[in-house]
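Engineer: Residue strings, one per chain:
Number of protein chains: 2
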Amino acid sequence: MNFQQLRSVREAARRGFNLTEVAQVLFTSQPGVSRQIRDLEEELGVDIFERHGKRLTGLSEPGKGILQIIEKLLVQAENLQRASQDFAGKTSGALTIATTHTQARYVLPQVVQSFRRSFPDVRIALQQSAPEHIAEWVISGKADIGIATEGLREFGELLSFPCYRWSHVVVAPQGHPLLKQTPLRLEDLAQWPLITYDSGFTGRGHIDEAFAAAGLKPDIVLTAMDSDVIQQYVQLEMGVGIVASMAITQKEGSLRAIEAGHLFAPNVTRLAVRRGAWLRSYALDFICEFAPTLERSAIITALQQDQAPAA
Amino acid sequence: MNFQQLRSVREAARRGFNLTEVAQVLFTSQPGVSRQIRDLEEELGVDIFERHGKRLTGLSEPGKGILQIIEKLLVQAENLQRASQDFAGKTSGALTIATTHTQARYVLPQVVQSFRRSFPDVRIALQQSAPEHIAEWVISGKADIGIATEGLREFGELLSFPCYRWSHVVVAPQGHPLLKQTPLRLEDLAQWPLITYDSGFTGRGHIDEAFAAAGLKPDIVLTAMDSDVIQQYVQLEMGVGIVASMAITQKEGSLRAIEAGHLFAPNVTRLAVRRGAWLRSYALDFICEFAPTLERSAIITALQQDQAPAA
DNA sequence: TATCCTTACGGAATTCGTAAGCATG
DNA sequence: CATGCTTACGAATTCCGTAAGGATA
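These protein sequence lines map, in sequence, to chains D and Z.
Heads up: the first sequence begins at 1 in our numbering, then just goes up one per residue.
Heads up: the second sequence begins at 1 in our numbering, then just goes up one per residue.
Just so you know, not all the hints are guaranteed correct.
A pair holds if it fits inside one copy or across any two, identical chains being indistinguishable in the list.
Said to hold, decoys possible - The calculated lysine-lysine pairs, modelled on DSBU-like cross-linking and capped at a C-alpha distance of 30 angstroms, are: (1) Lys-90 with Lys-64; (2) Lys-54 with Lys-90; (3) Lys-142 with Lys-72; (4) Lys-180 with Lys-72; (5) Lys-180 with Lys-54; (6) Lys-180 with Lys-217; (7) Lys-72 with Lys-217; (8) Lys-72 with Lys-90; (9) Lys-64 with Lys-142; (10) Lys-64 with Lys-54; (11) Lys-90 with Lys-142; (12) Lys-217 with Lys-90; (13) Lys-72 with Lys-54; (14) Lys-64 with Lys-180; (15) Lys-180 with Lys-90.
In case anyone wonders, no lab produced these hints; they're calculated from the structure.
Required output: the full structure, derived from the provided sequences and hints.
Structural biologist: What follows is the structure, encoded as structure tokens:
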């Protein structure tokens, strides 16, 4: 049993059982991968993969259990490397953050900027995608940190912290009748075509809930993943926008914003890391910078728990 | 990085940093071990061990953290082997049970016997020792299962289950005056020289507590780890014995027993396994046989949690 | 001085990539 | 027939044990 064999198995499962692809990812030859897997199967005495003739088609039933263990083992192997780099005083490394557009565009810039000043040798990668994929990236180890408002709490493999609260804001073109309605009511809002986030994004859930609770059927004419896109279409007078308050930068030419915290439930942006993973020292610094309410020691303690307490 | 390097480091820490000894345990040469460790330290860029000149004397500060990760990694490696053996349908293997004399002598025989009938190919090892060592053995992976009445609950690394309750029994030679005292009171007992377990063994704690709570100072003339030894000395009329009820087999010649459940707090024998460890299928069977109140699925679920929930 | 770790060296085993062969969809 | 896995083979590397050297308590 060796690490190359284990990596081959893990990668095969991740890359859809295509060993040619696995070989490329692992910078080795395809026959090499083929043998790594065969050798491991032989040593363990178990077929890890289902085969149709010569092609791998999926995991066998035991293979699923074995893969779980292999993943844990390789996580520890990566932890070992990272911990060592920390102990060796290395200030270089990588930090991959999976997050949504709103965070990446409006919230992270300041944090990233100050982080870069503290750790100029760390390469930062912002992986932007949908909340459910953010969780996936962190769980698989492709991202070190996930930041999103939705979709991070449902996973036992993740450890997530609340970071800050925010509320929604209504945006409308200058001179729009809604701007005179004070205080703004949901009924007023429901009169107009609306533009907001795709479902599952950036607090969209709370928007739907608020309208449903009021027995209103809003006319949502356009949805997007992206606050900028929404505001762009508001500017084109296609409707009234509902966006996260962070997305209002005061510079949006003819657009005007109305606080809507009283209409929709407040949102909490969360930061998630993989349970059992070692975070490089600078990653902890990043987290503390992003969520100053978190204690460094509290994060470390929580990370020790490899698994969620049973319900 | 390879497994032999990791094993060398773990074993060096376990064997008091004597590489010659490590080499013997790992069935390899001493220079080999020396190089494994040096290579790993070089690759990780961290000195894992403290050195005085050429000799290893202890773990470095980073080494402590690194060792923790290595231990977790190697546990997963062992899990992988065991899980594979299960999946491969292997009915052979080993089962090491660390336990106290009382369990090994009076409780386990039936269980072991029936287990042997079900799994004739499994080699069973009973490791008999003091409760604190039992925990140690299970934590280090040298034993699969620990069974004891005391000293298993204090370790976050262990997952322990209550198995059965029992109480103490007073034993005295035939014709002893105490046998007429009905019901038996603590005050009566305190009149006589007593023989019971060493402190930390087999519910001794509850005995001390009971006397202390009653403001009595018992005259404990002899202590032993072992119910047989205690009864032997009672037979020699050196005093009155207090032993676990399981140790009364009805065949002890001239000795008579008196229930003492009303005098001392009841005891619960617990069974412990290492968190995060894979238990061979037959080990689960053994546990269920030993503690029929436990559900197989409940054990598996609990084992998934690698770490104790934070306090 | 006895124990213990490191260095040096050479043979053996393993590893790995290329090329060819064969099954699958 | 194009893609994908296996087998075969040879070169290069790595691994590991023996023997000798040097430090420590």
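Engineer: A separate judgement is required for each hint: does it hold in the structure or not?
Structural biologist: Comparing the hints with the structure gives:
no., hint, in the structure
1, Lys-90 with Lys-64, "between (36 angstroms within a copy, 18 angstroms between copies)"
2, Lys-54 with Lys-90, "between (45 angstroms within a copy, 27 angstroms between copies)"
3, Lys-142 with Lys-72, "both (14 angstroms within a copy, 21 angstroms between copies)"
4, Lys-180 with Lys-72, "neither (58 angstroms within a copy, 63 angstroms between copies)"
5, Lys-180 with Lys-54, "neither (70 angstroms within a copy, 82 angstroms between copies)"
6, Lys-180 with Lys-217, "within (22 angstroms within a copy, 86 angstroms between copies)"
7, Lys-72 with Lys-217, "neither (47 angstroms within a copy, 54 angstroms between copies)"
8, Lys-72 with Lys-90, "both (25 angstroms within a copy, 24 angstroms between copies)"
9, Lys-64 with Lys-142, "both (20 angstroms within a copy, 27 angstroms between copies)"
10, Lys-64 with Lys-54, "within (20 angstroms within a copy, 46 angstroms between copies)"
11, Lys-90 with Lys-142, "within (21 angstroms within a copy, 36 angstroms between copies)"
12, Lys-217 with Lys-90, "neither (56 angstroms within a copy, 62 angstroms between copies)"
13, Lys-72 with Lys-54, "within (28 angstroms within a copy, 36 angstroms between copies)"
14, Lys-64 with Lys-180, "neither (60 angstroms within a copy, 65 angstroms between copies)"
15, Lys-180 with Lys-90, "neither (57 angstroms within a copy, 77 angstroms between copies)"
Comparing the model with each earlier hint shows violations of hints 4, 5, 7, 12, 14, 15; every other hint is respected.
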